[in-house]
Amino acid sequence: MCVGLPAKVMTMKDGMAVVDASGAKREVSAELIENLEPGDYVMVHAGIAIAKITEEDEDEAEDLLEGLL
Amino acid sequence: MKEQLKKAKAIIEGYDGPAVRVMEVCGTHTHEIFHLGVRKILPPQVELISGPGCPVCVTPAGFIDEAIWLALEKNVTICTFGDLVRVPGSTRSLADARSLGGKIQMVYSPMDAFEYAKEHKDEQVVFLSVGFETTTPASCLSVKMAKEAGLTNYALLAANKTMPGAYEMLKDSADVFLYPGHVNAITGNALNRKLCEEGGISGIVTGFTASEILTAFAVLLKKFPEGKPFFVNAYPRVVTEEGSIPAQKLIKEWMEPCDSQWRGLGMIKNSGLRLRKEAQDFDARVKFSIPKMEGRTSPACRCGDVLQGKCRPTDCKVFGKGCTPLHPIGACMVSNEGACSAYYQYNSRGE
Ligand code: SF4
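In order, the protein sequences belong to chains A and B.
Here the first sequence stands for residues 1 to 69, numbered as in our numbering.
Here the second sequence stands for residues 1 to 351, numbered as in our numbering.
Hints listed in this document are in silico derivations from the structure and should not be mistaken for laboratory results.
A portion of the hints provided could be inaccurate.
[What the hints assert, rightly or not] A short, non-exhaustive set of chain A residues, derived as facing chain B with CB atoms under 7 Å:
#, residue
1, 3
2, 4
3, 11
4, 43
5, 46
6, 51
7, 53
[What the hints assert, rightly or not] Here are the simulated distance ranges between beta carbons:
#, chain 1, residue 1, chain 2, residue 2, range
8, B, 318, A, 13, 17 to 27 Å
9, A, 25, B, 286, 33 to 43 Å
10, A, 8, B, 259, 37 to 47 Å
11, A, 13, B, 150, 13 to 23 Å
12, A, 23, B, 317, 40 to 50 Å
13, A, 38, B, 152, 33 to 43 Å
14, A, 23, B, 95, 27 to 37 Å
Keep in mind that this is a model prediction, so the values were computed, not measured.
Glycine residues also receive a C-beta, built at the ideal position from the N, C-alpha and C atoms.
Whenever a hint applies, use it, and build me the whole structure from the sequences.
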């Protein structure tokens with residue numbers, strides 16, 4: 001039940017966002033994130049977008065190790 | 001494999017420092033760590049403990065009893081995450097209640113439960129609100145939407161929990177905690193920093209992809225031998241220092257702290273959330289005057305010891321025999337994210 005999904009925002013309407021999570025389209029609440037726009041990436045959990053994320057996630061994780069060690 | 005991943009893997013495999021106990025707090029981490037085969041590349045002196053961060057596993061039997069009572073005695077439609085349906089209550093599960101005529105509806109989110117209530121105004125609908133900081137905002141939002149829509153047939157049976165009390169209680173069970181990234185996405189890092197600075201508890205905020213998990217292990221195995229408590233946010237693409245202010249506000253608006261019963265761990269002070277007095281109309285316990293239910297768990301089940309790292313699932317006498325994912329005796333065998341279920345699933349494949 002706790003799995004979060006990264007997803008891309010397709011459209012926005014009345015505080016709800018239609019997102020694409022690896023090809024599956026879902027409508028989620030955008031209540032917690034200000035100024036969400038189509039094209040943004042979000043982390044979705046239990047029907048709600050909980051955080052905005054950057055698109056190039058894997059690359060960032062790679063640089064991260066360098067920065068943290 | 002990409003360069004950095006190779007490097008992380010080399011650090012992990014080459015670890016020759018002192019023995020270290022690492023607790024993954026989050027059930028999704030437990031599952032992913034097995035799935036990615038991380039256990040197989042860890043040197044023997046690194047011990048992994050599966051902590052209590054699977055909401056299903058720590059939901060007490062009494063909570064299931066309350067839900068069953070609502071379904072069977074009050075004809076309430078129960079909306080729930082699917083994982084809870086097979087969790088054993090004192091004498092039966094929600095799946096049993098369903099075969100006795102109880103109306104049990106599976107949903108993916110509290111908002112779906114709200115939608116269901118909106119479309120079925122002739123039914124009383126209760127959402128089983130379990131979960132940690134990550135799930136709680138969605139529950140609160142569903143109440144807010146119900147209020148705005150003027151619904152009088154929607155309520156929560158709340159067993160929401162917060163992690164700080166559990167970290168505090170488990171601090172001697174491990175040397176380093178892998179903190180659940182999505183909890184920190186909501187709460188921010190202040191508490192974890194404080195635990196490190198004042199309590200000497202080391203931890204690392206971790207994401208959920210292969211590279212994020214391997215990176216976290218590489219970092220912790222570099223830092224641990226230095227002998228100083230450390231805190232690292234290894235999931236900065238999602239977790240900011242201050243967390244989600246709108247989510248924190250939303251929770252505060254609808255819920256307040258209370259003591260909470262954790263299956264296997266007992267009562268932990270201030271580790272739960274209940275609806276505020278002003279939101280009582282949406283509190284199933286008030287609305288339906290649910291009688292107090294103590295809840296009993298099977299004496300054979302050692303979930304509590306498993307969650308504290310005192311034993312492994314395989315040390316439980318009924319593991320894989322009386323207790324399997326199809327016929328779980330304890331909650332840790334029910335959800336994919338439970339420690340016993342993860343052990344069962346991967347050991348039975350010979351891994
Ligand atoms: S194997 Fe089953 S009974 Fe034993 S600790 Fe795990 S969940 Fe409980």
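Hint by hint, here is what the structure shows:
1. With 7 Å as the threshold, the beta carbon of residue 3(A) comes within range of chain B, its nearest partner Cβ sitting at about 6 Å, so the hint holds.
2. Taking 7 Å as the C-beta contact cut-off toward chain B, the hint placing residue 4(A) at the interface holds, the least distance being around 5 Å.
3. Hint status for residue 11(A): violated, given a least beta-carbon distance of 18 Å to chain B, over 7 Å.
4. The interface hint given for residue 43(A) is met, as the beta carbon of that residue sits about 5 Å from the closest beta carbon of chain B, less than 7 Å.
5. This hint holds: residue 46(A) has a C-beta 4 Å from the nearest C-beta of chain B, less than the 7 Å allowed.
6. For residue 51(A), the interface hint holds, the least distance from its beta-carbon to any beta-carbon of chain B being 5 Å, beneath 7 Å.
7. Given hint, residue 53(A) at the interface with chain B, holds; its Cβ is 5 Å from that chain's nearest Cβ, closer than 7 Å.
8. In this structure the hint that residue 318(B) and residue 13(A) lie 17 to 27 Å apart at CB is violated, the actual value being about 51 Å.
9. Take residue 25(A) and residue 286(B): their Cβ atoms lie about 38 Å apart, and the range 33 to 43 Å holds.
10. Distance hint check for residue 8(A) and residue 259(B): the Cβ-Cβ separation is about 41 Å, which falls inside the suggested range of 37 to 47 Å.
11. As the Cβ distance of residue 13(A) to residue 150(B) is approximately 22 Å, the hint placing it in 13 to 23 Å holds.
12. At roughly 44 Å, the beta-carbon separation of residue 23(A) and residue 317(B) lies within the given 40 to 50 Å, and the hint holds.
13. The hinted window of 33 to 43 Å between residue 38(A) and residue 152(B) holds, with their beta carbons roughly 36 Å apart.
14. At roughly 31 Å, the beta-carbon separation of residue 23(A) and residue 95(B) lies within the given 27 to 37 Å, and the hint holds.
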